[in-house]
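Here the protein sequences line up with chains A and B, keeping their order. Residue numbering for the first sequence follows our numbering, beginning at 1 and increasing consecutively. Residue numbering for the second sequence follows our numbering, beginning at 148 and increasing consecutively.
Among the clues, some could well be false.
Stated by the list, open to error - Sample of chain B residues at the chain A side, in silico, Cβ under 7 Å: (1) Val273; (2) Lys284; (3) Asn294; (4) Ile308; (5) Gln553; (6) Lys554.
Just so you know, the hints here were simulated from the structure itself, not pulled from any lab data. We put the CB at the ideal spot given by N, CA and C, even for glycine.
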Amino acid sequence: MALGNPFMGDEGVGPALLNRLRDQSVLSPQVDLIDTAGSILSALHALKGRRKVVFLDCALMGLVPGEFRRFLPDQARSEKNLPGLSLHEGDLMGMLATARLLGESAGEVVIFGFEPARVEPGEGLSEILTSRMEEYTREILREFENA
Amino acid sequence: MPKNVKIDVHHVTRIEGHGNIVVRASDGKVEKAEWQVPEAPRFFEAFVRGRKWDEVQGVVSRICGICSISHSLAAIKAVENAFKIQLTEELTQVRTLTHYSEMLQSHVLHVGYLIAPDLFGVKSVVPLVETHLDIVKKIVALHRAANEWSDLLAGRTTHPITIIPGGFTRIPSQREFRDLHKRLSDLVPMAQEVAEVVLSAADKLPGFTRETEYVALKKPGIYAFYEGEIATSDLDKLTPVNQFEKVVNEYVTPQSTAKWARWHRDSYAVGALARYNLNREELFPLAKKWAQMFGLGEKVVNPYLNSVVQLVECAHVLEHSLDLLDKLMTKPPKSEKVDFKVRAGNGAAAVEAPRGILFHRYQFDEDGTCVAANLTIPTNQNHGNLQKDMEALVPTILNLSQNDIQKYLEMLVRSYDPCVSCSTHYLDVTFV
Numbered sequence: 001m002a003l004g005n006p007f008m009g010d011e012g013v014g015p016a017l018l019n020r021l022r023d024q025s026v027l028s029p030q031v032d033l034i035d036t037a038g039s040i041l042s043a044l045h046a047l048k049g050r051r052k053v054v055f056l057d058c059a060l061m062g063l064v065p066g067e068f069r070r071f072l073p074d075q076a077r078s079e080k081n082l083p084g085l086s087l088h089e090g091d092l093m094g095m096l097a098t099a100r101l102l103g104e105s106a107g108e109v110v111i112f113g114f115e116p117a118r119v120e121p122g123e124g125l126s127e128i129l130t131s132r133m134e135e136y137t138r139e140i141l142r143e144f145e146n147a
Numbered sequence: 148m149p150k151n152v153k154i155d156v157h158h159v160t161r162i163e164g165h166g167n168i169v170v171r172a173s174d175g176k177v178e179k180a181e182w183q184v185p186e187a188p189r190f191f192e193a194f195v196r197g198r199k200w201d202e203v204q205g206v207v208s209r210i211c212g213i214c215s216i217s218h219s220l221a222a223i224k225a226v227e228n229a230f231k232i233q234l235t236e237e238l239t240q241v242r243t244l245t246h247y248s249e250m251l252q253s254h255v256l257h258v259g260y261l262i263a264p265d266l267f268g269v270k271s272v273v274p275l276v277e278t279h280l281d282i283v284k285k286i287v288a289l290h291r292a293a294n295e296w297s298d299l300l301a302g303r304t305t306h307p308i309t310i311i312p313g314g315f316t317r318i319p320s321q322r323e324f325r326d327l328h329k330r331l332s333d334l335v336p337m338a339q340e341v342a343e344v345v346l347s348a349a350d351k352l353p354g355f356t357r358e359t360e361y362v363a364l365k366k367p368g369i370y371a372f373y374e375g376e377i378a379t380s381d382l383d384k385l386t387p388v389n390q391f392e393k394v395v396n397e398y399v400t401p402q403s404t405a406k407w408a409r410w411h412r413d414s415y416a417v418g419a420l421a422r423y424n425l426n427r428e429e430l431f432p433l434a435k436k437w438a439q440m441f442g443l444g445e446k447v448v449n450p451y452l453n454s455v456v457q458l459v460e461c462a463h464v465l466e467h468s469l470d471l472l473d474k475l476m477t478k479p480p481k482s483e484k485v486d487f488k489v490r491a492g493n494g495a496a497a498v499e500a501p502r503g504i505l506f507h508r509y510q511f512d513e514d515g516t517c518v519a520a521n522l523t524i525p526t527n528q529n530h531g532n533l534q535k536d537m538e539a540l541v542p543t544i545l546n547l548s549q550n551d552i553q554k555y556l557e558m559l560v561r562s563y564d565p566c567v568s569c570s571t572h573y574l575d576v577t578f579v
């Protein structure tokens, strides 16, 4: 499940990876590729009833641009401080916590965070992230080896 | 009473888009009470120039992520009017059903996620998960169901792909209509429970009233959403949609990047309240029952009750949809679209978006290329009325604490369910 805005530079890494996975057609029919179009509510709705959900998102983790981490929701804390529910910006960790409280989370949730080099208006990823797309894809595909 | 009041809300939370509230009062006298819109213009009316007739819908649906179906329908109806395309009764029924999916989705989102926190004294819907788990689950379930209903009819929840000039690229099968009928039937008791919870907290809504002009679509025999002509509460006559520019009379104000509108008075209101005030007698029975349950009379002039009327409309939309599905299962469309010829023409159309009456107009040349466009959005029609409400409300609440004044003003803005980003569509600019 991709989060992010493809018109904000590296914030679009999630949708870019999704398109790459779709083009490669290597995933099993049991796997849905979902672009949430930046809507955290769409992500919430799509969680219910799923065995496993892998989120792909740009994340500020204090790493070197281009680095990525695979982690579980309980292994990280969000530093986002939103005043409330916004229709234009969501807190993934907050949404996942809400989904758990509602009893509507997926069986297993994994998050891939990609440290951006550039988050600003404009289409296309930075050179750093673009150069590592194959590596990212390989790691994501590992999650679905038994799907 | 506070001697001096200084309120600067930049920006109001729990609305779509960005808007500011600015209030200044000295010694109990209001010097300024302003609703400001600082959103950047969107330029959609420029984007579509040079685009072909079959591209327009795809572009303008991007004006909004919540009412993209309404924008698509208004655009496509305008194209159909320009090319003199007439749909069959069955295709019109499928269009209405598609439109209703967005109405339910948007109203549930607004009342459930954006308004409910105010009713229960919390900052967002998240704390309500702990105190009202059952109802939050029902709100989420209703919203999810409405999204999936949009997926079925429009191809996807946001930015529809099945609606095209002349009809659809795909009509659901009879089996899908049957499944949808079952699904919507199951939603009715769920929606009832949500309405009853809102009713239990409705006393938190301020009792402010202000008479204004109300404008909405009207067509005899139906509670108009998808079709009709332009009605006003100020006169007993309908204006053809093709003359909408004479209704909206858009103008620019210094405090807003979105234009304002006025007709017979300084401002008018569009949206659920306007639809209710002009079409109340056409509500389906359950909706009328809910209106009674909420104590809504023949005319509602409290803007805070817009959200309550949205719930009443949810009941109507569900009931009417079940009726439409029965009709479509008895007499489905014979084909997905009608034939037509592309020609030079000018077409205007209107639908009721969740937030109010939405107008689109396009001019096409003989190749079907768009050469001009004019869109008037519900929220920009409401900005002026919101300002007037604010001016009338603030003097009556100056005796409250500054926090409470701010809270009531934020609630007032939210009650309009504004889609602020949609409203800043295009400015004609002359540099001096």
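Going through the hints against the structure:
1. Val273: 6 Å, holds
2. Lys284: Nearest chain A Cβ about 6 Å off; hint holds.
3. Asn294: At about 6 Å, which falls below the 7 Å cut-off, the nearest Cβ of chain A leaves the hint on asparagine 294 of chain B intact, so it holds.
4. Ile308: 13 Å, violated
5. Gln553: 13 Å, violated
6. Lys554: Lysine 554 of chain B check fails; min Cβ-Cβ to chain A is 13 Å, beyond 7 Å.
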